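A.B. asks: Protein chains in written order, with this note's numbering: chain H, 1 to 237; chain G, 238 to 567; chain Y, 568 to 805.
Incorrect hints may have been included.
[What the hints assert, rightly or not] Calculated Cβ distances over 10 Å to all of chain H for the following chain G residues:
{"no.": "1", "residue": "Pro289"}
{"no.": "2", "residue": "Val362"}
{"no.": "3", "residue": "Lys379"}
{"no.": "4", "residue": "Ala408"}
{"no.": "5", "residue": "Leu426"}
{"no.": "6", "residue": "Val442"}
{"no.": "7", "residue": "Phe452"}
{"no.": "8", "residue": "Lys453"}
{"no.": "9", "residue": "Thr465"}
{"no.": "10", "residue": "Ala543"}
{"no.": "11", "residue": "Arg549"}
{"no.": "12", "residue": "Thr551"}
{"no.": "13", "residue": "Tyr559"}
[Stated by the list, open to error] Examples of chain G residues lying across from chain Y (beta carbon under 8 Å, computed):
{"no.": "14", "residue": "Val324"}
{"no.": "15", "residue": "Ile335"}
{"no.": "16", "residue": "Ala339"}
{"no.": "17", "residue": "Ser358"}
{"no.": "18", "residue": "Gln436"}
These aren't lab readings, by the way, just hints derived from the structure by calculation.
Bear in mind the structure is a predicted one, so any value in this text is a computation, not a measurement.
Each residue gets a CB set at the ideal place from its N, CA and C atoms; glycine is no exception.
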Amino acid sequence: MTEPLSVLAQVEIRDRGGDASCEQANDLFCPGWAIENFDRYVDPTLEHLVLVGASMAAGFTIAFALALLAHRFNWLSTPFLAATGVLYTVPSIAFFFLLLPITGLGRTTAIIALTAFTLQILFRNIVTGLNGVPGEVKDAGRGMGLSDRQLLWRAELPLAVPEIFAGLRIATVSTVALATLAVFANGGGLGVPIYEQIEFKTNIIVAGGLCMLMAILFDVALLLVQRALTPWLRVAR
Amino acid sequence: MSTDRSRWRALLVLLAALVLSVGVIACGDDDDDETGAADTAAEAGGQIQSNPENGDVTITVGSKNFTEQIVLGEIYAQALEAAGYRVNKKLNLGSELIALKALNQGEITGYPEYVSTALTSFFDVPPEQVPGDPQRGADQAKADFEKQGLTSFAPTPFASANAVGTLKSTADELGLTKVSDLEGESQNLTLFGSPECRQRVDCLVGLEGPYGLEFKKFTPVDIELRYTVLDKGQADLSILFTTDAQLAAEADKYVILEDDKGVFPAGNVVFVTDQATVNEAGPDYQETIELVQEGLTEEVMQELDARVDIDRQTPAETATQYLQEEGYIE
Amino acid sequence: MTPELPLSVLGLFGEAFEFIFNEQEAQTGTVMVGGPEQVLELAWEQLKITAYALALSLVVALPVGVWLGHLGKGEMAAVSIGNAGRAVPELALIAFMAAVIGVGVVPLTIALAVLGIPPILTNSFVAVRQVDRGAVDAARGMGMSEGDVIRRVELPLAVPLIMGGVRTATINIVATATIAPLAGVLTLGDFILSRNVYGDEGVLAGAICIALLALALELALAGLQRLMTSPGLRLQRA
């Protein structure tokens, strides 16, 4: 394929007249190319991890705080649900550019928008988890002399773990997928290689595949953590 | 025998040196800048030397958002780095107004711009009045830039333009060689272009205005899909660039319609930068840029575009190859 | 954060609203852009493609989910598809569709339906599955056919959850329809993607309009859900 037609301190004009290689012909998937050029996807994958990690951490912290408040003051449930609902409904790309005047474009903007997206799922699941704790458990706890705070951390939250983690898993998987759009906010991530060569099929499959793989791995990891945190459920099986 | 061989060898060396020096003189820059001084980095037609004095200057090279631009940005960035500058890259910014804004706001120190785009988009010159002569165009752009505290350097050898393209089969079938031939036909044809083509004078607006064409439908697609839609038979016509790799690689497949009314002016590339940086960065800044772009003929630019768009190399890799193959860097 | 920041923020928002309500010259010159006509036109296009994709998703996912839920079979599949669907990266999906199938309304509808099918499938399965067995048995005891059982007992009780799935599907579809201009269909995303033409105020205007559109849809669907939920259930949900 690369036959130099001109020499001597000049750019070699390659001969592309012969058979096109897999990537030149843009066949559906070129495993050879994918393996050879895998290092192109390393940085975007790391950026993607940062986007997801940061927004999940921030989202969980905020949602947790809101949920605890709503658990304490029941009337806060509805307004918080409505507020997080709005943040969930507004499409992330629109959110990126609503933030344009305030944070401009970049990773920060992307993280803020992704965090906003996760809040409703997390908030709702944490609240449901806490509300789902049977009354007898709370009574028993109070009977044992536990303060409200101890009750929360020692009895209610552990029992709410399955529900909380269900929310975490849903939110994380969704965020991994959504973070591909961060490229429009100049926020990096796996969306960048996709967008830069949007017609190169192998590229889309590799970047998209890495994305889905990341989602699956996060999902499994969270499931394992959940199992580790709830040993009593395993015994019951 | 051995003396014969050594004589042949000597002759060959002489010949090579002759050809090399002819090549150097032919490709050497014809600008009026100082050479031979110990503190300049660029040597006409030769390798870039790193100049330690440049180490205090940071240059941020930008580019617009398509392959050719990103490759150019990489070439300039790597060249400036070889010359000893500290270089940051902010490539793939967006279209021209966004790049200009980034330049004016100091986000970047310079980026490559097409003279035609600069004149029509920044300085409101009607497309038909863009000078055909590259030097005149570059001078006009430079004069206009200087009114804004910016400046631009010498033009590249190659020029690029938007163009209406189609499959050769379609062109043959409908007898299309120039854009005006579309008169009477265009109502039955679909045109595909970037979303912003709808509002650009050097795109759909120019086709509907001066050419007076009406299309069956205009469909927006990402700029990278301009050949895909032709290949898939979805588009009758597509907006292409004259330096596209695919035009050379598959010359029998695609055809560009001649722009007989001059709505799509061709533009050579000039590196646009702000005057403050030019003063601060010393002579190597302009010299290096103008040196490395000497090799960018249309054929070469197309080849570089091909390496990215067809061979699937990265723009950075391609730029390095260009600089090495032309002998600008090791 | 300079003291001028609040003012300039307000300024840009002000310009954005100006853009929505008054046509103005494009940044690229000559052509007029913005104004209520263009905004409504693009909003309507976005609604249309959302509706098409939602319709396709419903046609494919609803019968399958309901039937499987009724039979009580295929739980693993239904839930897995729901999980997998959430993991599909939106940009890769659109890019893949454009590169492999093509661009335009039909391919885009299919691609968007891929996003809409999983939540509807999972939710309709779970919704029907969790209907009180007692009610179903009673209905069968009364001599209702299987079809009747589904239509008159299971579905009405399943409505809230199914509608939840529809709402999720709609949010996903509407959000992804924002980047449709890359693949042949002009939606409000055009304002955002062509920042060169519309300027920052146009971009912000687009973002505002998209947000409002999504919220309006969500409210409409929430209202619809309320209407369709039988009164008995409505009391229960409070």
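A.B. asks: Taking the hints in turn, state whether each one holds.
C.D. replies: Hint-by-hint comparison with the structure:
1. The Cβ of G:Pro289 sits about 26 Å from the closest Cβ of chain H, beyond the 10 Å cut-off, so the non-interface label holds.
2. The Cβ of G:Val362 lies farther than 10 Å from every Cβ of chain H, with a closest approach of about 31 Å, so its non-interface assignment holds.
3. Taking the minimum C-beta to C-beta distance to chain H, about 27 Å, the non-interface status of G:Lys379 holds against the 10 Å cut.
4. Residue-level check passed: G:Ala408 sits 21 Å from the nearest beta carbon of chain H, beyond 10 Å.
5. With 10 Å as the threshold on Cβ separation, the claim that G:Leu426 sits away from chain H holds: the shortest Cβ distance comes to roughly 22 Å.
6. Remark: the non-interface label on G:Val442 is consistent with the geometry, its nearest Cβ contact in chain H lying 25 Å away (cut-off 10 Å).
7. Chain H leaves G:Phe452 outside its interface by the beta-carbon criterion, the shortest separation being 23 Å against a cut-off of 10 Å.
8. Non-interface status of G:Lys453 relative to chain H is upheld: no Cβ of that chain comes within 10 Å, the nearest being about 24 Å off.
9. Distance check for G:Thr465 against chain H: the nearest CB is about 5 Å away, which does not clear 10 Å, and the non-interface claim fails.
10. A beta-carbon of chain H is positioned within 10 Å of the beta-carbon of G:Ala543; the least distance is around 7 Å.
11. G:Arg549, annotated as away from the interface, has a beta carbon of chain H within 10 Å; the closest lies near 4 Å.
12. The claim that G:Thr551 is not at the interface with chain H is violated, since a C-beta of that chain comes within 10 Å of its own (minimum 7 Å).
13. Chain H draws G:Tyr559 into its interface by the beta-carbon criterion, the shortest separation being 6 Å against a cut-off of 10 Å.
14. Look at G:Val324: its Cβ only gets to about 26 Å from chain Y, farther than 8 Å, so that hint breaks.
15. Hint on G:Ile335 holds. Least Cβ distance to chain Y is approximately 6 Å, under the 8 Å limit.
16. Violation of the interface hint for G:Ala339 is found here, the shortest Cβ-Cβ separation to chain Y being roughly 12 Å, above the 8 Å cut-off.
17. Of the supplied interface hints, the one on G:Ser358 holds, with its beta-carbon coming within about 6 Å of a beta-carbon of chain Y, less than 8 Å.
18. Interface restraint check for G:Gln436: the shortest CB-CB distance to chain Y comes to about 4 Å, inside 8 Å, so the restraint holds.
Consistency note: the structure conflicts with the earlier hints numbered 9, 10, 11, 12, 13, 14, 16.
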